[in-house]
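**Student:** Here are the chains, one letter per residue:
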Amino acid sequence: MEKHITLPLTEELAKSLHAGDTVYLTGTIYTSRDAGHKRMCEALARGEELPFDPKDATIYYVGPTPAKPGQVIGSAGPTTSGRMDAYAPTMMSVGARGMIGKGARLPEVVDAMKKFSGVYFGAIGGAGALLAKCIKECELIAFEDLGAEALRKLYVEEMPLVVIIDSEGNNLYESGRKAYLQARDAK
Amino acid sequence: MREIQVSAITDVVEKLCIEANNHLPGDVKCALESCRACEDGEIAKGVLDKIIENYNIADAENVPICQDTGMACVFLEIGQDVHLVGGDLREAVDEGVRRGYDKGYLRKSVVGDPVRRGNTGDNTPAMLYTEIVPGENVKITVGPKGFGSENMSAIRMFKPSAGLQGIKDFILETVENAGPNPCPPMVVGVGIGGTFDKAALLAKKALMRPLDSHHPDPFYAELEDEMLEKVNALGIGPQGFGGRTTAIGLNIETLPTHIAGMPCAININCHVTRHKSEVL
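Chains U and W, in that order, are what the protein sequence lines are. The numbering used here puts the first sequence at residues 1 to 187. The numbering used here puts the second sequence at residues 1 to 280.
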């Protein structure tokens with residue numbers, strides 16, 4: 001099913017999305033990878049606030065290339081999400097419901113998604129030039145020393161995504177492959 | 001003996017870093033387009049359409065195809081009748097990488113220490129391989145390697161009794177284990193034989209070989225076709241969403257090995273399988 005959605009990712013919106021949906025996403029998202037997640041989770045453990053309001057927020061696992069003159073951002077496709085599995089349940093526990101990345105997640109992450117109504121969106125890995133086109137604004141908000149891994153606030157329009165794991169734990173990596181194999185073997 | 005200034009190597013490495021990252025090789029584009037034509041699922045077709053649109057944007061706008069512009073793997077085939085003058089070769093190659101990643105607005109993804117981390121800030125050092133060959137030319141190849149796929153690679157030291165079946169099972173096991181993580185459709189590079197280290201290098205070199213080429217030995221050429229078909233029968237599909245196209249190519253490189261062993265390394269690459277060469 002094809003859906004055009006606007007952030008923030010409220011609980012109601014999250015629950016309306018299902019694994020396999022094609023989604024065109026518009027709104028504000030935040031970028032972070034391994035090093036940024038580590039710092040944010042350490043800050044939370046110390047009782048400090050995050051550099052952005054995590055309520056109903058969506059985090060894009062990306063480390064873009066530097067912007068050329070005239071560009072909003074450089075190429076900006078997803079990185080492998082599994083490296084953020086250690087941090088994702090903590091981020092969801094403070095309200096950051098949406099995750100954009102690629103690749104498999106651990107059962108602990110899926111359990112947290114079911115508990116906090118999280119959604120895991122897939123962006124096309126390796127399509128950095130195409131995805132950069134949807135990013136209309138980019139502002140560095142924290143961790144500048146991390147370079148490509150710094151925390152950025154992005155405004156995206158009609159970003160093409162697929163729901164990989166929904167808030168009920170349904171997983172396109174399992175269902176999509178199974179459906180393909182069943183259809184093939186039925187021929 | 002022909003003299004070549006190392007500064008000429010710096011210039012070529014700089015240029016190849018940028019070109020390899022912005023322009024996908026023709027054989028890889030061709031493979032992606034023919035796989036798109038054979039795919040039937042809506043999600044799988046949509047993914048391949050966007051992958052094709054993506055490299056067309058990168059070509060037209062001269063921007064990186066993927067934000068992981070990789071570690072710069074640099075291969076030098078140096079003619080034995082060449083005398084390299086004017087400086088240190090390793091420094092000349094690193095300077096080329098430094099300039100290319102700066103001028104090309106490429107991402108700096110290298111940490112100076114594997115455990116203590118810390119970005120080097122200029123994507124150096126290059127992963128440099130030199131080989132002495134006959135002649136008086138220097139062939140330079142730059143293959144930027146992303147780590148989403150590098151992380152899904154594997155090596156195993158087989159007993160010879162494992163035989164061909166052992167190799168076949170290992171290839172399928174490695175691709176299955178990689179699943180959606182290396183941004184499928186992937187390219188599978190297989191190195192069989194040599195020593196532990198040589199097998200890994202063969203697997204990397206297999207990724208540099210055009211996807212429409214075959215191993216010169218018909219035994220391995222047939223094995224390449226058979227294993228590509230078996231990999232694609234797994235159904236992982238583009239981005240792991242299910243479909244026909246799990247891999248767009250599978251290349252095997254081989255070397256003689258020891259009576260006691262059969263090393264096999266599998267280097268996984270994504271659909272952004274980049275490399276560019278030039279001869280000085």
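Among the hints, erroneous ones may be present.
Some residues of chain U that are not near chain W, with every Cβ distance over 12 Å (derived) [as the list claims (entries may be wrong)]:
(1) Leu13
(2) Lys55
(3) Gln71
(4) Arg184
Interface residues of chain U toward chain W, partial, derived using beta-carbon atoms under 7 Å [what the hints assert, rightly or not]:
(5) Pro51
(6) Pro64
(7) Arg177
(8) Ala179
Restricting the straight-line Cα-Cα distance to at most 20 Å, the calculated cross-link-like pairs of lysine to aspartate or glutamate (EDC-like) are [as the list claims (entries may be wrong)]:
(9) U:Lys68 / W:Asp59
(10) U:Lys178 / W:Glu229
(11) W:Lys139 / W:Glu173
(12) U:Lys136 / W:Glu61
(13) U:Lys55 / U:Glu42
(14) U:Lys68 / W:Asp102
(15) U:Lys178 / W:Glu42
(16) U:Lys187 / W:Glu3
(17) U:Lys178 / W:Asp40
(18) U:Lys133 / W:Asp49
(19) U:Lys133 / W:Asp225
(20) W:Lys45 / U:Asp21
(21) U:Lys114 / U:Asp56
(22) W:Lys139 / W:Asp81
(23) U:Lys187 / W:Glu42
(24) U:Lys178 / W:Glu176
(25) U:Lys55 / U:Asp21
(26) W:Lys205 / W:Asp122
(27) U:Lys136 / W:Glu3
(28) W:Lys45 / U:Glu174
(29) U:Lys133 / W:Glu53
(30) U:Lys68 / W:Asp122
(31) W:Lys230 / W:Glu278
(32) W:Lys168 / W:Asp225
(33) U:Lys133 / U:Glu108
(34) U:Lys68 / U:Glu11
(35) U:Lys178 / W:Glu173
(36) U:Lys187 / W:Glu150
(37) W:Lys50 / U:Glu157
(38) W:Lys50 / U:Asp185
(39) W:Lys139 / W:Glu3
(40) W:Lys230 / U:Asp185
What the hints contain is simulated information worked out from the structure, not anything from laboratory work. As the structure is a computational prediction, the values presented were derived from the model and not from experiment. Glycine is no exception: its CB is placed at the ideal position from the N, C-alpha and C atoms.
**Student:** Given the hint that U:Lys136 pairs with W:Glu61, test it: the Cα-Cα distance must not exceed 20 Å.
**Tutor:** 17 Å, holds
**Student:** Let's test the interface hint: is any C-beta of chain W closer than 7 Å to that of U:Ala179?
**Tutor:** Holds. Min distance 6 Å.
**Student:** Given the hint that U:Lys178 pairs with W:Glu42, does the C-alpha gap stay at or below 20 Å?
**Tutor:** 15 Å, holds
**Student:** With the threshold set at 20 Å, check whether the alpha-carbon distance from W:Lys50 to U:Asp185 stays at or below it.
**Tutor:** 27 Å, violated
**Student:** Would you check the hint for W:Lys45 and U:Asp21, treating anything up to 20 Å between C-alpha atoms as holding?
**Tutor:** With a Cα-Cα distance of about 15 Å, the restraint between W:Lys45 and U:Asp21 holds, given a limit of 20 Å.
**Student:** Taking the least C-beta to C-beta distance, is U:Pro51 closer than 7 Å to chain W?
**Tutor:** Nearest chain W Cβ about 20 Å off; hint violated.
**Student:** Is the Cα-Cα distance between W:Lys139 and W:Glu173 20 Å or less?
**Tutor:** 35 Å, violated
**Student:** Holds or violated: is the Cβ of U:Arg184 farther than 12 Å from all Cβ atoms of chain W?
**Tutor:** At roughly 7 Å from the nearest Cβ of chain W, U:Arg184 sits no farther out than 12 Å, so the non-interface label is violated.
**Student:** Between W:Lys230 and W:Glu278, is the straight-line Cα distance small enough, at 20 Å or below?
**Tutor:** 35 Å, violated
**Student:** Next pair to validate is W:Lys139 with W:Asp81; report whether the Cα-Cα distance is within 20 Å.
**Tutor:** 13 Å, holds
**Student:** Next item in the hint list is U:Arg177. Is there a CB on chain W closer than 7 Å to its CB?
**Tutor:** With a closest approach of 4 Å, the U:Arg177 hint holds.
**Student:** With a cut-off of 20 Å on the C-alpha distance, tell me whether U:Lys68 and U:Glu11 pass.
**Tutor:** Violated, because 37 Å separates the two Cα atoms, which is more than 20 Å.
Violated hints for the displayed structure, listed by number in ascending order: 3, 4, 5, 11, 16, 19, 25, 26, 27, 31, 33, 34, 36, 38.
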